[in-house]
Structures are given as C-alpha cells and as structure tokens.
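Between the sequences and the hints, there should be enough to build the whole structure, so can you do that?
Below are the chains, spelled out letter by letter.
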Amino acid sequence: MKEALGDLRKQVMWTRLISIVEEQAQTLMRTAFSTTVRDAGDLSAALFDTRGRLIAEAVTGTPGHVNSMAAGVCHFLEKFPIETMVDGDHYITNDPWLTAGHLHDVTVVSPAFHGGRVVALLGVCCHQVDIGGLGQGPDGRSVFEEGIQIPLLKLVSAHKLNEDLLAILRQNVRTPLQVEGDVLSYVASNTSAARRLSETLAEFQLDGLDDLADYIVDQSLTATRAAIAALPKGQWRAEMTIDGYDHPITLRGSVTIGEDDVVVDYEGTDAAVPRGINLVLNYCRAYTVFALRCALTPEIPNNHGALAPFIVKAPLGSILNVERPAPVAARHVIGQMLPDVVFGCLAQVIPDRVPAEGSSCLWSVQLRGRVAPTGSNGQGIDFDTVFFNSGGSGGRPGLDGLSGTAFPSGVRAMPVEVTEASAPIVIWKKELRCDSGGVGLHRGGLGQTIEVSARGDAPFEVLAMYERVDRPARGRDGGGDGAAGRVRLKSGTTMRAKGLQAIPRGDRLVLDVPGGAGLGPVGQRPDDRIAADVRDGFVSEDAARRDYGWKG
Amino acid sequence: MASNPNIRIGADIGGTFTDVVLETPAGRHSTKILTTYDAPERALLEGVTILLAEAGLAPGDVGLVVHGTTLATNALIERRGVPTALLTTEGFRDVLELGTESRFDQYDIAMDKPAPLIERSLRIGVPERIAANGEVLLPLDEDAVRAAAVRWRQDGIRSVAIAFLHAYANPAHEQAAAAIIRQEIPDAGLSLSSEVSPEMREYERFSTTVANAYVQPIVDSYLRRLEAQLLERGFTCPLFLMLSSGGLTTVDTAARFPVRLVESGPAGGAIFAGTIAAERGLARAVALDVGGTTAKICLIDDGKPQTSQMFEVARVHRFRKGSGLPLRIPVVEMVEIGAGGGSIAAVDAAGRLAVGPRSAGSEPGPAAYGRGGTHPTVTDADIQLGRIDPAAFAGGKVHLDPAASGAALAALGIWGGEADALAIGVSEIVDETMASAARVHAVEQGETMEGRTMIAFGGCAPLHAARVAEKIGVDRVIIPRSAGVGSAVGFLRAPIAYELARSLPQIVGATDFAAVNALLCAMSAEARALVAKGAADRPVIEQRLCLARYQGQGYELSVPVPNRMLHDADEAMLLAAFEEVYRAQYGVVLSLPVEILTWRVTASTLPEAQPPVAAAERQRLVQPPTRRTVCDPGLAQPLEYGLFDRETLQPGDYIEGPALIVERETTSVVSPVFDAVLDPAGFIILERKPAKEIGA
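Chains as they are written, first to last, in my numbering: chain C, 1 to 552; chain Y, 1 to 696.
Derived from the structure by calculation, the hints contain no laboratory data. Note that beta-carbon positions come from the ideal geometry of N, C-alpha and C, so glycine has one too. A few of these clues could be false.
To be verified - Not close to chain C: a few residues of chain Y, all C-beta gaps over 10 Å, as computed:
no.: 1; residue: Arg502
no.: 2; residue: Ala577
no.: 3; residue: Glu647
Stated by the list, open to error - A few chain Y residues facing chain C, derived, Cβ under 8 Å:
no.: 4; residue: Glu101
no.: 5; residue: Asp108
no.: 6; residue: Ser436
no.: 7; residue: Leu590
Said to hold, decoys possible - A partial selection of chain Y residues facing chain C, derived with a Cβ cut-off under 7 Å:
no.: 8; residue: Asp94
no.: 9; residue: Gln106
no.: 10; residue: Ile109
no.: 11; residue: Arg120
no.: 12; residue: Arg201
no.: 13; residue: Leu282
no.: 14; residue: Arg284
no.: 15; residue: Ala636
Structure, rendered in structure tokens:
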C-alpha cells in the first residue's frame with residue numbers, strides 16, 4: 001500500500017506540474033502583442049529539471065516550438081551553470097541553432113528557486129511577428145539579413161533588467177514597444193510559474209523535484225518503449241520531391257524501428273540552398289518527432305522520457321541541417337513537409353495508423369501596398385499584413401482527410417473581418433475548392449480558394465511562400481493525388497509560387513490552396529459517401545462519374 | 001384573490017429531472033419529476049400542481065413563475081432542430097465548415113471537427129458586400145435572395161439564418177434580405193446575425209446565428225404552449241425565462257433569441273451560490289457544483305457570478321475546448337469538466353490512473369448499484385473508502401453492494417489490486433482534476449483561489465468539497481440546504497436583465513464621442529425597453545462597459561464606462577480606467593495606445609436585497625453518536641470518523657473533524673483538517689482548523 005500511495009502522490013504532482021505550465025501559456029496568450037502568439041497559439045511553455053530535461057509542457061502550443069525548446073535548454077545550462085544562477089535571473093536567446101530554427105522565435109529561460117536553491121527551470125518560446133531585418137520570408141541570403149540576433153544573454157540579472165539589451169532590441173525592430181511588451185510578458189509568465197512551483201513544493205513538503213522528475217521521465221520512457229516494442233522491427237525508406245525555391249528539392253528519409261528506439265535518418269536529402277527555407281537540426285527534429293508521436297504514442301504526455309527514444313539524424317550541410325550563417329527565416333515551408341516523409345516510411349509497416357500526404361505547408365498571405373487617399377483627410381495608407389490559410393490533409397485510415405485545416409502545424413486562422421479591419425484589403429472569397437481532395441476510399445481533405453484585392457482597386461504586392469504547386473500531395477494504396485495549388489491573377493495570368501510579385505491596379509490575387517491526397521482504392525468508396533460528396537458540392541457530378549464511376 | 005408577489009415558482013427542466021420549487025412567505029416546497037421529453041411542459045405543470053396542493057394554494061395566488069430549460073441545449077447536442085438554411089455573402093458559405101482552420105487535439109490523427117448544423121447545399125451565398133467600416137462595396141442582389149427563398153420554400157425550410165460579412169457594422173443588407181424572405185416564406189423563423197450577435201469575427205457570429213435559427217421554432221412553440229396552459233389553469237402572473245447570463249427575460253424575447261437560454265440551468269446554480277455568498281457578505285467565493293457526470297466551477301465576486309461572452313455547446317470530444325460549436329452569448333463564466341460521481345476510473349496509456357471524462361451515468365451506474373455497471377466509478381471509491389453508508393444511501397431507496405465496488409477497483413490491475421489504495425487513488429485523482437481545473441480557470445480570469453469561500457452543491461460535491469478545498473488553499477466551505485434543487489432556487493433570485501454588445505472600434509485619445517454616444521443611447525433604449533416589459537414598477541439600473549486592450553493585443557479587458565453622455569474631457573478618464581483594470585490583472589501598464597473594440601450595456605432590475613445571514617457561531621460542541629472507520633485520502637490511512645445525522649443538528653452546533661454528516665441525498669465529508677458548524681440558516685460551514693491542530 002505504501003508503494004502504491006507514493007506512486008499516487010507522484011501522479012497528483014505530475015498533474016499539478018502540467019497545470020502550472022498551462023497557466024504559464026494562458027498568461028502569455030492574454031498579454032502578447034504578436035498575432036502569432038495571441039491569435040495563432042504559436043508558442044510553447046514548459047518546465048525542465050536541473051539537468052535540463054523536459055518534465056512538463058503546456059498542452060497549448062505548436063510542434064515547431066514544442067520539441068525545439070526541449071532540445072534547447074541544455075545550451076542555457078552550459079552557458080549559465082546551475083550553481084551560478086541567482087534568484088531573479090532570466091536568460092534569453094533567439095539563436096536559430098540553439099532553439100526553434102529562426103530568429104523570430106525568442107526563448108526565455110528562468111531558474112525556479114525553492115528553499116534557497118534552484119529546483120527547476122521554466123522556459124517559454126514564442127514567435128515574434130517582428131524581429132527586424134527583411135521580415136519573415138525566404139529572400140534573405142544569410143541569417144544576418146533576417147533580423148537581429150540575440151546570443152545567449154542575461155535578460156534580467158538578479159531582478160535587474162538588462163536595459164542595454166532592450167535598447168538595442170528596440171532600435172532594431174519596427175514595433176519597438178510591442179516587442180518590448182512581449183519580452184517582458186515572457187519574464188512575467190516565468191516568474192509567476194516559478195512562484196506557483198514553490199508553493200506546490202511547500203504544499204507537498206518537498207525540497208526539490210528530482211525524484212518526481214525521475215518518476216515522470218521513467219514512466220513516460222517505459223510507456224514509449226512499450227509502444228515501440230509492440231511494432232514490427234526493420235527499416236523503411238521514403239522520398240518526396242517538393243517544389244523548392246529555384247529548383248525542386250528531394251527529401252529522403254528512413255525510419256528504423258529497433259527494440260526500444262526509432263531512428264529517422266535523412267541521409268541522401270538534398271543540400272542546403274541560398275534561400276531562407278533551410279532547417280536547423282532542432283527544427284527538423286521537432287516536426288519529425290511530432291509525426292512519430294502522432295502515429296505511435298499520441299496519448300503519452302510530452303516530456304524527456306516520451307521524446308528520448310526517437311532519434312533524428314540529418315547530414316550536416318543538407319537542407320535539413322544547415323550550418324551558420326545559412327538563411328532560415330521561412331524554414332516552416334519545408335519543416336511542415338517532414339511528417340509526410342515519416343508517414344511515407346511508416347505506411348509500409350503500420351498502414352492503419354498514418355494518413356496520406358496532405359497540403360501540409362501553411363499558405364500565409366503576406367501582402368503589402370499603399371491605398372490611395374480617400375475622403376477629406378487626404379492620407380494614403382501603407383499596409384503590410386498577413387493572414388493564414390490551410391489546405392486539405394491526406395485521407396486517414398477509416399476517415400476522409402480534413403478540409404481547410406492546418407496539419408501538422410498547430411496554428412489557427414485569423415477571422416476575415418479582423419484582417420479586413422486591420423488592413424485596407426477585401427477578401428472576396430474564402431471557400432472550399434470543389435474536386436481538390438484526392439480521390440480514394442478515404443478522400444483527401446479539400447483545399448480552398450481565396451480571392452483578395454486592395455480597397456479602391458489599388459495595386460499591391462504578395463510575398464509568396466507556397467508549396468505543392470508543381471508537385472501535389474501523392475495518393476497512397478490506390479488513392480489519387482490531391483489537387484495542386486495555384487497562384488494567379490483574377491484576370492487569368494499564372495503567377496510564381498515563391499517570391500515578391502505585383503498585382504496590378506483593379507486586379508485580384510487568387511490562391512487555390514492544395515488538397516490532400518486520397519487513401520485506399522478509389523473503387524471501394526461506398527456509393528453513399530460519393531452521393532453525399534456530390535450533394536455537398538465537395539465533388540462535382542462530372543468528377544464523380546469520371547473518377548469514381550458513379551452512376552447516380 | 002389577487003396574486004401575491006411573495007409566492008413564486010421556479011422550474012428547471014434538466015436532462016433527467018425537472019425540478020420545481022415553490023416559495024411562499026411560510027416556507028419553501030420542492031419536488032423532482034422525471035423530465036417528459038415529448039412535451040416538457042407536462043412535468044413542469046405536474047410539479048407545480050403537486051407543490052400548490054402541498055401548500056394549499058391556487059394558481060391565481062402565484063405572483064411569478066421563472067423557468068429555465070435545456071430544450072435548446074438538447075436540440076443542439078442531439079441535432080434535433082428544424083430544417084434550417086443559411087443565407088450568406090457570396091464566397092463565404094464555408095465559414096461554418098472552416099471554423100478556425102485548426103485541430104483541437106494536437107496529436108490525434110483521427111480527430112474530426114464538429115459538422116456544421118446546416119449542410120452545405122442549404123448554405124447559399126448571394127452577391128453583396130459591406131466593408132469593415134460599414135460602407136457598401138457591392139449592393140445586395142435581391143433577385144438572388146428571392147431565388148434562394150423560393151428554393152427553400154420548396155425544400156420545406158422552417159427557419160432561415162441570415163449572416164453577411166460585417167453586418168455588425170451595417171445591417172441594411174441583412175434587413176433587406178429578411179424582408180424578401182418574409183414575403184416568400186412567411187411561416188419561417190428568421191435569425192439575423194446583426195440582431196443575434198452583432199459583433200466582429202464571422203465564425204462565432206455565424207455559428208451563434210445559425211444555432212439560434214436551428215432551435216428558434218421549437219422553443220417558440222414550446223413557450224407559447226406553456227404560456228397558454230398556465231393561463232388556462234388560472235395563472236395570472238408573468239412568466240419569465242432564465243438566461244445563460246443569470247438574468248431573466250420575457251417569453252417574447254426568449255422566443256426570438258433562444259440561443260441565449262442554453263446555459264440557463266447552470267446559471268441558476270451560479271445565482272443560487274451568489275445569493276448564499278451575498279447573504280453572508282462574502283466578497284470572494286467559488287461555486288463547486290458536482291453532479292453525476294460533470295463538475296462546474298464558477299468564481300463569484302461580491303455575490304455576482306463572473307460572466308463571459310463566449311460559450312461552446314455540444315463538444316464532440318466531451319469537455320475538450322474547441323471541439324464544440326462556439327456561441328457568442330452573455331453567459332455565466334464557468335469551467336465544466338467530466339468529473340462526477342459516475343466518472344469512470346481507468347489506467348491510461350502512460351500507466352497512470354485516470355478518472356473521467358467517461359461516465360457510467362445513472363444507467364448502468366456505479367458497480368455498487370448492481371445494474372450491470374462493471375467499471376469502477378468515483379462513487380465506488382467513496383463507498384470503498386467508507387464515506388457512504390450503504391444502508392442510508394438515497395434514504396435506503398437504492399441498494400448498494402460494497403463488495404462490487406471493491407472488485408471493480410481491484411480489477412484496474414495496478415498497485416497489486418489493493419482496493420483501498422485504488423479507492424484513495426481514484427478519489428485523489430478526481431479531486432486533483434477539479435482542483436487543477438479550478439486553478440487554471442482562475443488564471444484565465446486573472447483571479448486566484450486563495451482566500452475564497454467555497455459553496456458546494458449538487459449530489460456529489462459534499463463528499464469531495466473538503467479535499468478539493470485543501471488542494472486549492474480554500475479555508476471555508478459552505479454546504480447549503482436545498483443543494484439538490486439549487487438551480488430552481490437560483491431562478492427566483494435573478495434580476496430581470498438584458499445585455500447588449502456592439503462593435504464600434506475606437507482609439508483612446510481620438511475617440512469619436514458623437515458616434516459612441518449615439519451607439520450607447522440606442523443600446524440603452526433597446527435594453528431598457530426589453531427589461532421594462534417584465535420589470536413592472538421595479539427600478540431599472542444600467543451598467544456600461546467597454547472592452548479594451550493595448551493596440552496589438554488579442555484579448556480585451558472589461559472597463560467600466562459612466563452612464564452618461566461622454567465628451568472630449570473623458571479621454572483621460574477612459575485611459576485611467578483601463579490602466580487600473582490592466583494593472584490589477586497583470587501588475588504593470590505599458591506606454592502603448594489603447595483601443596476599444598466593443599461596447600456593452602446591461603439593463604436590469606435591482607436584485608432583491610436578501611436579509612443577511614449572521615455568521616456561524618460555535619455554541620455547542622456535539623459529540624458523535626457513533627463512529628465509523630473511513631480510509632482518509634489526505635492522510636492515506638484509516639481513521640475513526642464521527643457519524644452524524646444532519647437532521648439532528650441545530651444552528652450553533654459544531655463538530656470536530658474528521659466526521660461524516662449524513663442526509664437523505666448525500667453525505668458531507670468533514671476531513672481531518674476541518675471542523676463543521678451549522679450557521680443560523682442550517683447550512684453546514686466547514687472551517688479549517690488552526691494549523692497546529694492538524695494531525696493532532
């Protein structure tokens with residue numbers, strides 16, 4: 001009984017730690033200025049033990065951050081060893097190679113004290129909309145052009161704010177007060193989480209977290225290994241060629257399932273490019289492990305034990321493991337494609353647990369322009385705005401793909417009315433795209449069509465970063481490909497999928513966001529599902545007859 | 001004889017039971033009747049008849065009937081609305097389908113989003129366009145509206161939602177379209193987004209409007225039937241409906257905006273708790289309402305439950321945020337989690353003991369009921385621990401089999417199958433789940449739990465309240481009488497109130513006060529007119545708020561606005577008011593522009609002043625007549641608990657924990673860290689012992 005109750009006590013404390021970091025994440029979202037944090041949930045908040053192991057993480061967050069920070073905290077510990085930390089210290093960096101892969105992600109780590117000593121570390125990692133430089137696009141030729149770089153520094157030293165650092169930061173960004181407000185909110189959320197942790201330890205009459213950390217890590221590791229042990233052993237390979245920037249890029253990967261670990265190796269993947277779509281290994285690992293966790297261990301809470309058995313390798317110098325100072329700002333374009341490569345391998349061994357390929361990469365509509373003066377005040381308006389859109393996910397075992405839904409990204413879209421209220425643009429259409437889901441027993445999710453103009457027919461520019469335009473999501477096991485994406489003018493001209501381009505006066509930008517691929521033999525889709533798709537206008541009558549042999 | 005304003009009936013139609021309460025100057029009568037789904041008014045009228053007979057009163061004596069119902073909620077959850085269509089802006093028929101374009105569960109590949117209430121072929125877009133500032137960019141194509149209406153008439157559509165982009169800024173197109181549809185389908189219900197939820201953010205506005213349209217004809221016909229039958233039986237008094245916000249409204253308003261009724265039952269429970277707090281002068285309280293399936297937690301400041309503007313109904317993954325249909329309505333702010341007496345314990349993928357959200361409900365119920373339930377539930381754990389006396393359970397009406405509880409717990413297969421250890425585990429996990437939910441909820445509200453008094457009601461709360469209170473640092477717990485019909489009692493304490501919100505973005509420092517004054521005056525007139533219909537001679541008060549934030553933030557804070565015309569000199573006042581609220585919540589203020597997005601006006605009758613209840617005084621220490629061995633989860637060991645019958649305890653009596661106070665419907669657990677005293681109203685007050693005594 002004693003052992004059982006000790007176990008119970010630890011479980012209760014485990015729940016408590018997760019609620020502390022969830023509080024931390026909620027506080028961040030409520031006080032943040034960056035739309036990426038406050039509206040889209042592009043953040044992570046977590047607690048680490050004194051060895052730098054991830055122990056508890058907020059449920060709120062997106063994969064690119066979630067797993068990048070887990071790997072990043074050890075760098076903080078190397079620079080600022082535990083014995084040198086004092087109460088009221090907070091450390092900061094946005095080094096892409098240490099944390100989340102581009103300068104826009106700022107990480108703040110703070111020691112949590114209890115009884116006069118460090119018992120844990122608290123960390124937050126958030127996507128800043130503005131970090132100076134070119135802005136978040138693929139056009140930088142090196143990281144130096146992409147914004148201000150903050151090395152590992154003390155942001156606050158024994159409760160004393162590093163004013164010099166903040167002054168440099170303010171001088172280097174377009175919206176200094178908001179960026180400063182955001183950075184201070186990271187400090188505040190870590191501080192309040194540290195206080196809650198100390199109260200919790202007092203309540204449970206504990207001096208430190210070490211035993212509990214071991215318990216959480218061991219328990220999660222054991223469960224993860226058990227899940228791996230139940231899988232067939234062997235190695236499976238897959239490759240996927242995507243559009244790239246100037247030329248196509250081939251991602252090659254293998255998944256090796258061993259006795260108690262899973263290794264993903266991207267040996268053979270194409271080399272880095274002089275455009276900001278390169279990945280640091282941390283970020284490559286983040287989306288790769290996310291895919292493994294979805295397919296193999298979705299129910300185990302995220303921590304060091306749940307992540308440790310998943311090992312990711314990519315050759316140095318490849319596009320998935322670049323060296324400084326390669327440009328990396330738009331690394332999500334390729335990072336979000338990695339789950340499709342992992343699923344391509346796993347489909348050969350556990351086909352009942354993975355989806356077909358999806359549109360995968362988020363279609364961000366980044367626009368800038370100037371609307372002519374109207375009315376009496378005579379002022380024109382410069383604008384620079386962004387809104388997110390998602391295509392279709394791949395058909396899933398037993399289920400169709402999700403239409404117009406982000407996967408693997410965990411972000412949300414901004415409302416059309418909010419976007420139009422904040423910038424002088426008009427979104428004329430945002431509607432699911434008929435016949436864009438790959439055919440199959442389980443149809444791919446639909447993409448969507450977006451039509452946008454500037455107010456008053458003014459000309460404007462789009463900073464395009466789109467994928468799956470030349471190479472759509474590929475069907476699996478008899479399923480068809482998803483519809484490719486398309487970037488065009490309303491007047492008819494096809495535009496390029498990447499890079500800055502102009503939309504002339506009076507015209508509109510039209511985006512056909514890609515659909516997900518189908519899964520399973522098209523001939524096996526039941527008639528009632530086809531009929532429902534036709535009724536709903538997801539599949540046209542012509543396509544139903546042509547592709548599915550529908551007789552309705 | 002004329003009706004007596006002090007004779008009042010509250011009726012709460014829930015999923016299982018219809019609770020009816022009759023209050024007279026001589027006292028309170030209450031009854032529970034099984035809900036009659038085919039015609040909900042039947043159970044209500046039956047209950048009313050029973051209580052009037054009990055009290056020896058006639059329908060004409062009654063001065064007020066207040067009613068809350070889950071009719072709209074159930075129609076939404078079970079998708080039993082009327083055939084409904086959506087008329088929207090061309091290019092936006094998929095707003096409901098796209099939602100936030102996100103997944104509510106990060107890792108679950110097999111998750112599905114809730115399907116829209118209206119299938120795609122019945123969502124028609126017509127050419128028209130209004131800009132964010134209300135300007136018309138494209139005139140309404142009236143022929144296209146007419147064509148849609150003609151088609152829907154042939155399809156047998158009974159209700160139409162009209163939701164155009166930016167209609168909150170300019171409702172002209174929605175109104176013009178409504179006129180056409182009224183001509184073509186005169187019998188159909190009409191719900192306009194500019195009336196149901198006139199605020200920015202299209203997904204929430206469209207979703208709310210469509211939900212309203214979907215249930216409107218059902219609620220309308222039910223309320224008219226009820227009204228007619230009450231009249232037929234000789235009731236001459238007004239009938240009011242409980243709103244999700246905790247205010248009351250007239251039948252006419254409820255029939256137009258039934259979506260505002262969805263949380264009426266829980267709102268009644270929150271008002272019940274609020275009244276208890278007000279009577280005792282408690283500035284800060286927290287209501288814990290634990291039933292068979294869910295626990296609801298609501299913060300109550302100065303006797304008033306917190307309110308919010310967003311609610312999610314019909315979550316497909318139970319209780320999972322983001323898996324339901326968003327409704328933007330004024331609603332009592334509470335967190336609801338899947339933790340109650342019937343919650344099932346299981347071992348999860350990580351090898352941890354987990355409790356809920358799956359529930360055994362009342363059928364098959366906990367293993368001890370012997371009705372086929374084999375999964376161990378929270379109630380089974382309570383039985384195994386010795387907290388529930390099998391002989392006295394439910395007044396002896398339900399036979400309990402403690403051996404079945406023990407066997408079901410042991411079958412979990414961890415910890416060597418030790419039933420006692422597992423019972424402690426289940427009890428601790430469910431209490432920790434409630435405590436965690438309460439803490440996170442407090443943070444989301446910018447509040448804390450420390451120093452609050454807990455008000456615990458619902459069948460399962462008295463068993464678990466003490467331990468949850470320990471975990472969240474609460475030192476006082478009130479366990480009221482009439483805890484089982486708390487919502488219906490709460491209905492009788494609610495003011496007649498109506499709340500309106502409108503978007504009119506402004507930057508503080510450059511406020512267009514002419515526009516703001518015009519808006520606030522119009523809102524004030526509209527809200528007062530709705531309240532006046534039911535207020536009779538009672539005075540009506542008004543509260544004005546604006547929702548403001550630093551420009552660039554994503555969340556707003558509620559800032560009070562004075563009830564008068566505003567002018568240029570008020571800029572500084574608005575800024576100072578915002579900074580005060582911001583500092584209170586986050587500890588700092590920033591030097592950034594402040595923007596106001598939304599204005600809100602609430603008109604209400606003054607809540608009736610409740611006679612204060614004096615503080616509980618420890619007058620007589622009562623020794624336990626008998627004792628009982630209970631396995632104590634806090635200390636993780638068996639303890640001798642004193643055993644008391646609630647009916648034998650009088651105001652002023654006090655007892656020392658650990659103890660069990662047994663009554664017909666439930667048992668109150670006084671854990672070892674608490675004492676219990678009965679206050680002048682006969683409510684049980686748990687008071688934490690001074691620290692040195694614990695464990696002594």
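Hint by hint, here is what the structure shows:
1. Against chain C, the non-interface label of Arg502/Y holds: every CB pair exceeds 10 Å, the least being about 14 Å.
2. The beta carbon of Ala577/Y sits about 19 Å from the closest Cβ of chain C, which is more than 10 Å, so the claim that it is off the interface holds.
3. Here Glu647/Y stays apart from chain C, with its beta-carbon at least about 36 Å from theirs, past the 10 Å limit.
4. The interface hint given for Glu101/Y holds, since its Cβ lies 4 Å from the closest Cβ of chain C, which is under the 8 Å cut-off.
5. Hint status for Asp108/Y: holds, given a least beta-carbon distance of 6 Å to chain C, under 8 Å.
6. Annotation: Ser436/Y was flagged as interfacial toward chain C, and the flag holds, the nearest CB pair being 4 Å apart, inside 8 Å.
7. Among the interface hints, the one on Leu590/Y holds; its C-beta lies about 5 Å from the nearest C-beta in chain C, closer than the 8 Å criterion.
8. The interface hint given for Asp94/Y is met, as the beta carbon of that residue sits about 5 Å from the closest beta carbon of chain C, less than 7 Å.
9. Because the smallest distance between the Cβ of Gln106/Y and any Cβ of chain C comes to about 5 Å, under 7 Å, the interface hint for this residue holds.
10. Taking 7 Å as the C-beta contact cut-off toward chain C, the hint placing Ile109/Y at the interface holds, the least distance being around 5 Å.
11. Given hint, Arg120/Y at the interface with chain C, holds; its Cβ is 4 Å from that chain's nearest Cβ, closer than 7 Å.
12. At about 5 Å, the closest approach between the beta carbon of Arg201/Y and any beta carbon in chain C falls short of 7 Å, and the interface hint on this residue holds.
13. Contact between Leu282/Y and chain C, as hinted, is not supported at the beta carbon level, the nearest pair being about 23 Å apart and thus beyond 7 Å.
14. With its C-beta approaching chain C no nearer than about 18 Å, Arg284/Y sits outside the 7 Å limit, and its interface hint is violated.
15. With 7 Å as the threshold, the beta carbon of Ala636/Y comes within range of chain C, its nearest partner Cβ sitting at about 5 Å, so the hint holds.
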